[in-house]
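> Spelled out, the chains give:
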Amino acid sequence: MHVRRWLQRGLAIAASVPLIAACEFSGPQSALDPAGPVAQAQRDLFVWTLWLSVPVMVGVFGVLLYSVLRFRAKNAEDERAIPHQTHGNFKLEIAWTIIPVILVILVAVPTVRTIFSTEQRVEAGPDDLAVHATGYQWWFKFDYLDHGFTTANELIIPVGTRVVVSLDSADVLHSFWVPNLAGKRDMIPNNDNQVWFVADAPGTYYGQCAELCLGAHAYMRFRVIAMEQPDYDRWIASFQNAAAQPVSADPLVERGRALVAQKGCVACHAIDGYRPGTEVGNPDFPSLTNFGLRTTVGAAIADNTPENLAAWLRDPQAMKPGNYMPTLWRADDPNREDEIEAIVAYLLSLGRDGQASGQLTLGGIHGGQ
Amino acid sequence: MAVSKVTVPVPAPESTPSDGLFTRPTWTTGIASWLTTVDHKRLGLLYIFTSFLFMAAASVEAFLIRLQLAVPNNTLLSPDAYNQMFTMHGVTMVFLAIMPLGIGFANYFVPLQIGARDLAFPRLNALGYWIYAAGGAFLYSSFFLGGAPDAGWFAYSPLTSLSNNPGNGTDFYMIGLLVGGIGTLVTAMNLIVTIVSMRAPGMTMMRVPVFTWMMLVTSFLIIFAFPPLTIALLQVIMDRTFGTLFYVPEAGGMPILWQHLFWIFGHPEVYIIVLPAFGVISEVIPTFSRKPLFGYPVVILSGIFIGFMGFAVWSHHMFTTGLGPVVNTAFALTSFVIGIPTGIKIFNWLGTIWGGKVVFTTSMLYAISFLFTFTLGGITGIMLAVPPFDAQAQDSYFVVAHFHYVMGGGALMAFFAGLYYWFPKMSGKLMDERIGKLGFWFLVPGLHLIFFPQHIAGLMGMPRRTQTYVAGIGLELPNLLSTAGTFVMLIGLILLLVNIVHGVLRGKPAGNDPWDARTLEWSVSSPPPHHNFDHQPVVNDRDALWVQKYPESVHGERVPESASEPYDAAGIHLPGQSWYPLFMGLALLVFSYALLFHNFWVVGISLAMVFFFTYAWALEGVGGHHFPAGRRGAGQHSKEGHA
Amino acid sequence: MSAATAATAVAPGMESGHYRSSKLPDIKLLMWVFLASDIMFFGTLIGTYLVYKGRSLTGPYPADVLDIPLTTVSTFVLLMSSFLMVLALHALRGDDIAKFRLWTFGVAFFGAIFLGFQIYEFAHFVDLGLTLQGNLFGTTFYVLTGTHGVHVSIGVIWLLSILIHSYVKPWSSKDEAYLEVAGLYWHFVDIVWIVIFTIVYLVEFV
Ligand code: HEA
Ligand code: HEA
Ligand code: CUA
Ligand SMILES: [Cu+2]
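If you read the sequences in order, they're chains E, U and A. Residues 233 to 601 (my numbering) are what the first sequence spells out, left to right. Residues 39 to 681 (my numbering) are what the second sequence spells out, left to right. Residues 477 to 682 (my numbering) are what the third sequence spells out, left to right.
Take these hints with a grain of salt, some might be off.
[What the hints assert, rightly or not] The calculated label-pair distances, taken between Cβ atoms and stated as ranges, are: (1) G509(E) with F182(U): 55 to 65 Å; (2) A327(E) with P204(U): 51 to 61 Å; (3) T510(E) with I544(A): 52 to 62 Å; (4) P204(U) with L578(A): 24 to 34 Å; (5) A499(E) with L526(A): 36 to 46 Å.
[What the hints assert, rightly or not] Here's a subset of chain A near chain U, in silico, CB distances under 10 Å, partners left out: (6) Y537; (7) H566; (8) K575; (9) L612; (10) T616.
[As the list claims (entries may be wrong)] Covered stretches of chain U, as calculated for chain E (at least 3 residues, CB under 8 Å): (11) 113-121; (12) 272-279; (13) 319-331; (14) 383-394; (15) 461-474; (16) 506-513.
Since the hints were derived computationally from the structure, they do not count as laboratory data. Where a beta carbon is used, it is the ideal one built from N, C-alpha and C, also for glycine.
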């Protein structure tokens, strides 16, 4: 019998679990790879409970393993033997009531502290970035409350600033979850919710709707992109000046601008600076303002490349089954590819001073792939 | 005395004349005898069999879920089909498979454990079963009538409103659970009355076997937990059928109210699932450790305490809904506290094994795996009860892993232990231990292979209820492993089924008491005669049968046979069968469809039928059989039975 | 049931012919358990009413429609019916069958009067513009009081059935448990109404 050796080995394995969990499992959507104080506190608490569970596991499994091996009936005769019929032991009962009580206290104290340090409602002050996020089936709308503009599916934030997001839903429940930055908070109609976080480092953090909203729930994603202050200021400025979008020198882009009206896109989508003095779109659809600055298409399910954008326009349902954007070209429409090319050029020129081409990078993806 | 046979040589009973307006049927064989049965043992078997059917359906759904998730961007199932799959999987497992499995065991064994001849209200018992069967059939017919429910097993509002979910699926969910809930409620009430008033002479509450005790607590949980769900279901049905405004945000309705009502039911529900399992474990471990349950009163008390606390933790499912730090703190603390009595139970089971003679039957193996898996699942439960961490884990695969550990690895494995333990009693045959153990070694490791990687997937940011996931962020491996696990587990399940069939057809005769067990159900023949006990058992200690067999070992005293005499004097009376439970169930089925299709004429007719059957029920008289006193059957208190 | 009820030498617990570990008749126990469960049904409905109180976006609001004097009368009628229920049980225990029938009829009759009031009230409220679908107050009010009304209706039918049955198959004091169970139900429904009356009607005007 090598019960002791086994126990020692088990202990070693069990004890290394928290260590492994603490340093592995990084990624742009991992809760164990925090990039800000809120997610950090949440992860630390998890690691702490993991540590506490080690003695529980070692104790329970050790005793279990030991007793079934040590007290097993070794032969048929043993199976009929009658061991001493003990009914209980008062002192033991007390002891093993107190042990979990202690464990509970050890979990509870840091838990309560972290609840009050991360879940307390805050008022957005002048130093904070205040955003109102609305969940739609199946995309996110972000209103920059201090700057007065609206964007969709990508939340650009400055590094080191507290971001205070008030949450709402336009239809069913959704949930706002960016694991690297903070735990989720649900978006519920008639329920004024809030989440706040800080990003410590520039980078792209993946977000995901975490509350079943049927249809394209799995594809209801978004990104939070944290930038250094100067980049962020430039980004803000380009949105604030979007209304003064210059007429492009590129005829393809201008053709796209015309087509966007002809094909009815602007019945739904707002585009600031579409034509000087004209307001287009409907606030309940994703704004395409400065779409050229976007890194993704279709609520962060594909990179914003000309090819992907064209694929999206050709057949939004193929890329994201069930979503509410109609297919605007019949498959046999001879002008389809031409028109899509023009619209893609136009959309990508938005926010890029009328240039439809050129590489765009906004921060790196956090945690590496 | 020889090992008793399937049929017990009790002299033919005299049938009692009907004293009602109608006569009750008295078939003993054939399909009609099953349709009209009010015998708790037959109903128990029906429950267990039906729940296995539903479990197979839910397993197929689980299998499809896992196949779809094997690799990212898989297109085996469309999002809509996938939503129906996990909704029906969850609903079936919880309401149609595992809860009825516990109730089935209770039906069969509670009367036997307390020395009774049936439940207090046999026809009500049958009604409970038929409503359950009708509710399950109703839910599954949704697949053919416009699509199954797809809003998840907790069907959060406003996803279930007519505007957001116009199909029939949601109506099937709401009406099916409403009607099915009535069945569960009457069965629970029946069990409470039975356990309170039909215990054998001398069986004080502190001598009641732990399984029965846990069923008592469970039944109380049911009668308090189901009403909030029923009302919530009714509200949504009203919204969808009559245009009321309970969950219409535009009119001021609050979706969050549904969440509260659902989880006020839903958390107790998880204890409704696991307390019977605790009960089974508390029978299996002492039997195969050949020792009494360690700390019996403490185990009972902690069960009661868990039941109480179960009503005080519901908001831990709602930590992310923005209830605020104070509420979250409160519910976090109550949830932690629930870990204490649960831990105490675990420690007492360990204490039972300690110093015993552990017999490694398949049943015991499952019980040991229960201790292991449930503890792990309980620990992740405590982690989830930490609101800041739950903010990350809620609605992620970490939660999926947690509840499969406690329900699949906990409750279900405990019921498999119970199945192996009680199968000989129910069938009179032994299952094959070799196939059993082989199956075990596929089933349980398979289970861990499925669900352990899901913890990691969850921590890596995988949300639940999504038919696909993003490639390249570390989710491929855990999902692939998890899918591979289903194949391993499948082998185990098949071996289990093979063993059941093999046991029924070819099993060796079991005798009264193959495990040298401790409680009264093992004192009668296998399977037990219709009237359970030839003599009214009289009890003077805990572990009544053990005392009868080995009084010296527990400083106990054998109850003399003559003790039964005063109680046998009146003879045994067993009521006749009845059609009305079945008819009532059918009427409710008609009602369900009529309501679903908004045919209010038929709704009226079905309610009139219910009304009519109620009278027929009340007036049909008692009928049945009467066994006069003074005749002795076989197999009572026979120590020889297990020799 | 069919056991000899010779008064002598019956083992304790064997009074009914079967061994019983509880003194309460099974049906009474069942009714208690049912009522415990029913408390949760009404508790949930009342809880919903309270949660939605004051959240209606449009009228009519409670103060616009509720009529305290009228409902006080119907509440009083229901209370009196409970009193008659006690008398009926007392009469049955004393084997005074005529009185038992009279009082039982009285209970059902008073219950029916209460229902009449409720129907009138509902019709009146609908005239005032309060509908099931109109606003949250209407939704929660009708479902709560309607559920209670269904309980009362079942009670009335039950009591009338007892009355009729007492002619078909004469009742005597040994049937008391059956009446007592109906009585328990009836008192419960009555008490629930007091709670509803307080929470829905009275609180509105304090
Ligand atoms: C059988 C069913 C069952 C059981 C027994 C439990 C037991 C527990 N559960 Fe679980 N739970 C579910 C079924 C169950 N759960 C289901 C189905 C869901 C998901 C529903 C859904 O969203 O679909 C869920 C979800 C769920 C959540 C919500 C997660 C989320 O959605 O965000 C939480 C949060 O607190 C939770 C907590 C707990 C706790 C604290 C226990 C405790 O009772 C566990 C107690 C046990 C132990 C702690 C182990 C043994 C104890 C010791 C060895 C003593 C020493 C240890 C300590 C005191 C720390 N559960
Ligand atoms: C008792 C409860 C119980 C049990 C035992 C199980 C068992 C299993 N569950 Fe289940 N599950 C739930 C209750 C349960 N589940 C609940 C409540 C939900 C939440 C639903 C929701 O979100 O609304 C859920 C959700 C759920 C999900 C998450 C879906 C999602 O969120 O997107 C997954 C994914 O892997 C899953 C998988 C499994 C698997 C693989 C098993 C396996 O253990 C099952 C074993 C089955 C096999 C190995 C398949 C082989 C069998 C056959 C092919 C049929 C053979 C035929 C016969 C036997 C006759 N379950
Ligand atoms: Cu939005 Cu899921
Ligand atoms: Cu819970």
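> Give a verdict on every hint.
Consistency of the hints with the structure:
1. G509(E) with F182(U): 55 to 65 Å: This hint holds: roughly 57 Å between Cβ atoms.
2. A327(E) with P204(U): 51 to 61 Å: 59 Å, holds
3. T510(E) with I544(A): 52 to 62 Å: About 60 Å separates the Cβ atoms of T510(E) and I544(A), which means 52 to 62 Å holds.
4. P204(U) with L578(A): 24 to 34 Å: Because 55 Å falls outside the window, the suggested range is violated.
5. A499(E) with L526(A): 36 to 46 Å: Given range 36 to 46 Å: holds, Cβ gap about 45 Å.
6. Y537: 12 Å, violated
7. H566: With a closest approach of 24 Å, the H566(A) hint is violated.
8. K575: 24 Å, violated
9. L612: Result: holds, 5 Å to nearest chain U Cβ.
10. T616: 8 Å, holds
11. 113-121: Coverage by chain E holds for the region 113-121 of chain U (4 residues, Cβ < 8 Å).
12. 272-279: violated (count 0)
13. 319-331: holds (count 4)
14. 383-394: With 9 residues in contact (Cβ-Cβ under 8 Å with chain E), the coverage given for the region 383-394 of chain U holds.
15. 461-474: Per the Cβ count (0), the hint is violated.
16. 506-513: With 6 residues close enough to chain E, the hint holds.
In this structure, the earlier hints numbered 4, 6, 7, 8, 12 and 15 are contradicted, and the remaining ones agree with it.
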